[in-house]
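Using the sequences and the hints, build the whole thing.
Residue numbers (this note's numbering), protein chains in the order written: chain A, 1 to 221; chain B, 222 to 1018.
Any given hint could turn out to be false.
Pairs of lysine-lysine residues, derived as BS3-like cross-links and limited to a Cα-Cα distance of at most 27 Å, are as follows [said to hold, decoys possible]:
hint: 1; chain 1: B; residue 1: Lys228; chain 2: A; residue 2: Lys120
hint: 2; chain 1: B; residue 1: Lys640; chain 2: A; residue 2: Lys76
hint: 3; chain 1: A; residue 1: Lys120; chain 2: B; residue 2: Lys545
hint: 4; chain 1: B; residue 1: Lys228; chain 2: A; residue 2: Lys113
By construction, these hints were calculated from the structure, which means they are not laboratory data.
Since this is a predicted model, take the numbers as computed values, not measurements.
Residue strings, one per chain:
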Amino acid sequence: MLLQLNNIFKWVNSGGQRIFLLKDINLEVQEGEFISVMGPSGSGKSTLLNVIGMLDDFDEGEYQFLHESVHALKEKHRANLYKEYIGFVFQSYHLLDDLTVKENLEMPLLYKKFKGSERKAMVADMLDRFNIVGKKDLFPTQLSGGQQQLVGVARALIASPKLILADEPTGNLNSQQSEEIMELFKKLNEEDGVTIIQVTHSEQNAAYGSRIINLLDGRKV
Amino acid sequence: MFRNYFKIGIRSLLKNKTSTIINMVGLSLGVVVCMVILIFVQYESSFDDYHAKAEQSYRLVQHTVLPNETLYWNTTAYPLGEALRSDFPEIENVTQVSGPVRRTFKVEDNLKNTKLFDEPAVLFVDSFYPRTFDLKWLAGDQNTALKETNSVVLTKQLAEKFFRESSNFQTVLGKVIYLQSKDPLLVTGVVENPPANSDHQYSMLIPYEFFKINNQYATSNWSGNYQGSTFITLHNKSGQQALETNIDSWKKKYLNEKDEKRISYKLQPLNEMHTTTLYGQSPGGYIMPQKVLTISLVVGIFILLLAMVNFINLLTAQSNARAKEVGVRKVMGGNRRSLVFQFILENSLVILIALLVSALAISFSLDFLNNTLTIFSLNLQLEWGHLGFMVIIGLFIVCFAALYPAVVVSAIKPVQALKNKMPIKSKSQFNQRKSLVTFQFIIVQLFLIAAIVISYQMNHFNSVDLGFSHNSIVITEAPQTEKSRVFREKLLANSAVSKVSFGSGPPMAVDGFQLGTNFRLPEQAEEEALEAEMKVGDSSYLDFYDLELLAGRNFLTNKEEFDEFIVNETFLKSFGWKPEQAIGKKIQINEGQATIVGVVKDFHNNSLQHKISPCIILNWAFFTNKAFIKVSNGGLSVVETVWKDVFTNSVYKYNFLNDSMSKEYHVEQLIFAGFRVFAIIAILIACLGLFGLMSFLVARKRKEISIRKVLGASLTENLSLFTKEYTILVVIAFVFSAPVAYYFVHQWLESFTYRIDLSYWMFLLGGFITLAIALVTCSFQSLRASMANPIKALREE
Chain A
1 MLLQLNNIFK WVNSGGQRIF LLKDINLEVQ EGEFISVMGP SGSGKSTLLN
51 VIGMLDDFDE GEYQFLHESV HALKEKHRAN LYKEYIGFVF QSYHLLDDLT
101 VKENLEMPLL YKKFKGSERK AMVADMLDRF NIVGKKDLFP TQLSGGQQQL
151 VGVARALIAS PKLILADEPT GNLNSQQSEE IMELFKKLNE EDGVTIIQVT
201 HSEQNAAYGS RIINLLDGRK V
Chain B
222 MFRNYFKIGI RSLLKNKTST IINMVGLSLG VVVCMVILIF VQYESSFDDY
272 HAKAEQSYRL VQHTVLPNET LYWNTTAYPL GEALRSDFPE IENVTQVSGP
322 VRRTFKVEDN LKNTKLFDEP AVLFVDSFYP RTFDLKWLAG DQNTALKETN
372 SVVLTKQLAE KFFRESSNFQ TVLGKVIYLQ SKDPLLVTGV VENPPANSDH
422 QYSMLIPYEF FKINNQYATS NWSGNYQGST FITLHNKSGQ QALETNIDSW
472 KKKYLNEKDE KRISYKLQPL NEMHTTTLYG QSPGGYIMPQ KVLTISLVVG
522 IFILLLAMVN FINLLTAQSN ARAKEVGVRK VMGGNRRSLV FQFILENSLV
572 ILIALLVSAL AISFSLDFLN NTLTIFSLNL QLEWGHLGFM VIIGLFIVCF
622 AALYPAVVVS AIKPVQALKN KMPIKSKSQF NQRKSLVTFQ FIIVQLFLIA
672 AIVISYQMNH FNSVDLGFSH NSIVITEAPQ TEKSRVFREK LLANSAVSKV
722 SFGSGPPMAV DGFQLGTNFR LPEQAEEEAL EAEMKVGDSS YLDFYDLELL
772 AGRNFLTNKE EFDEFIVNET FLKSFGWKPE QAIGKKIQIN EGQATIVGVV
822 KDFHNNSLQH KISPCIILNW AFFTNKAFIK VSNGGLSVVE TVWKDVFTNS
872 VYKYNFLNDS MSKEYHVEQL IFAGFRVFAI IAILIACLGL FGLMSFLVAR
922 KRKEISIRKV LGASLTENLS LFTKEYTILV VIAFVFSAPV AYYFVHQWLE
972 SFTYRIDLSY WMFLLGGFIT LAIALVTCSF QSLRASMANP IKALREE
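As structure tokens, this is what we get:
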């Protein structure tokens, strides 16, 4: 088992009222799963993803990640945990515009204190694997959206995480580019055993996964 | 890691060119101004502290208590030094000095050609002088060089000028020069030129013994006060108080009863001579009041603060643009510490470059100041210590100006940042920005108001009716009084010269030269005597300077024994006389007795920092060694030709009266020039900051502006979105700056006897100029945003 959420609640107080963003979420994710989270706007998909990614807090409930109790961990430990095991992919790619493709890929490695020679090897490997060697010295703005998301996925993968969290990874892409990214996810999941949780609006994209979780108003349905 | 940050840092600086340049220019300006002021203050505070015994050395100064005032002099009676030496063995060293004075010398070079030199800084010193004041000997024996009466020690500069000898000064020893073309002086030594940061400026040293033999009356006169200074060195500093007390009870041994009562001697530390105004400037030196130095430092620090505030504001404003990066980096595993480090490194780059630029600019500025402010004998240098200090300033800026924004930016939570929801913690951030901007406005207004008031005061200076005519007047020496008449006739034969007069000096005392005396009615006791200025003028003096006679008549002729006085109105106030009543009254002064024959209307006989004082004009033949010549175009060359034709064995030199008078205000002029420059720089820095700040604010409000525009807001309505805030801030700033400015300019004006009245519009003007500048600066950016096509901005969302 990779992670387990038990009775997770998250709320905000607004005008004396408690508005629930997540309500009693229970979820168990095994290693090697490919899960799609679906639901209308405001149903809490992204919030759930952020909670799983430890970027956001929750107010009640328990969260086990690789047998660590996340809810009991201090901020710093939590950060170390997600740094080591989780890779993120965003709808709007979130590449740093001032860095070249190569440097964008290298950035997470810098924070994980890899040596220079190791970093070089890992970056070269990624560039190779995603067929973007020729683009390594270009800046994100010089790439198409699909290519940018390719770099985004490569960046998420570079430190070999156990889990990839993707928040509408194809939301800004056309259908052909979407398909390529989804194929890539599928391949990663099947061949490399990477666990993937993605948020998506598209039935078609959700079909790539092994399991679908539907949310409505913060509740699993 | 480091290299990576460095690379990214440079890229992001290049990308935000405008704000990088604004940051660098603003910071450099601040650092340059602060450092230049610091170096200037340090230099002015270092006067005469290079002497090994400067710390324990003192100048004797004299307080003279008169019935109506107390006089503070930095000169003392000539016999004082010798008496102290013989009666106070506990004093480590006493040295008596006279001068510096102007003398001419005849010098014979190797080819037997004789040449005349006019030397303005001849100092007479006794053989004890080198025990208090350090001399660097280039040739000669320091123990014996000043022992022989007819000897002279030249400075390097004079040795070069007289004998064209610039390296082997031994060859100069044994040569003879002739003082006033008659007294032979044997060169017994050559010393290094005194450093520029010394009030003791001399070009040669002649034994005091020589002066004593030639001025026996003056050098033995305890009641006289001429150009003598006495310096002492104590074994240790703590002896100062005790010695002053001892001198107080000791002085009656020498002073007559009248003087004993009113004269007291104090010890003034050597290193305060240059910055204390009470005793006036040393002969040949100038004073840089401590107050001016303190204010300068404050100004420097404020300008640096202004630049730092800019830096902080721009960096914090930029944080919005960097939010996404922070979010991404955090998600990718960056922790807060590494982000703070990254941002600080990035900004340190800006600071480093700004410091390098500053160092260059400082060294140029110092050269410029050395060459322009020649009146102050500046020798400002950028030294290693200063560069070291700049590094400290740099670190200070890193700590205070770069750390804060870095901490603010790095605190952004990744989820919010990535969702483009800026942490509108902005309530505090907003207020912090507002208060920093207000702080800038306060400083700018302070400078502006000060500059306005100072410029009005200076203008007042230049427009005050001095009570005498002073334009186109050339003053030369008239070294041989017997030739004065010939000189006058030859001058007047030329149409370029309209009037000529002779006397001791122009109506306003300039170049520190003023004759003083005591006056009383013959029947009054000596201790009732009051102090007056004494002037000597010939029968054309009144007409020459357009001094208006209120009663009586002009002199008829000048005599060896004067017998007639013309006095000013202020003089009459001492006795409560009307002008007509004074005519025919007999007055006793130190130099003799005479009858008042005329009363002139008051004229400014002192520079405008001081009041008009009682003034007596004498028909004496003595002291008529200055020639006043009114010239028109081309007159100057005529004066020179005639002068050289008439006077022999002397060196021609001249001054325009107006130039000499303006020198009396050099400190004021420096302050004026300083404030003008600082006000401009302060405005410039603040404008840079506002401009930079606006570009970020406008970027943040682009959407709002577009929506408003779509909904029908007019251009001015949109502009007021920005201008309203700044107007309020300027007004708030004014509330703070006006009273502070009032306090300072009021204090400053107090030091002038003739001053402008402060009025409210000077302050309002300062406020309005700030407002205008602020609005123009901010409209520049917001106008562009308000005029842009709204669709563009909205589509970007």
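| task | Check each numbered hint against the structure and report the violated ones by number, ascending. | result | none
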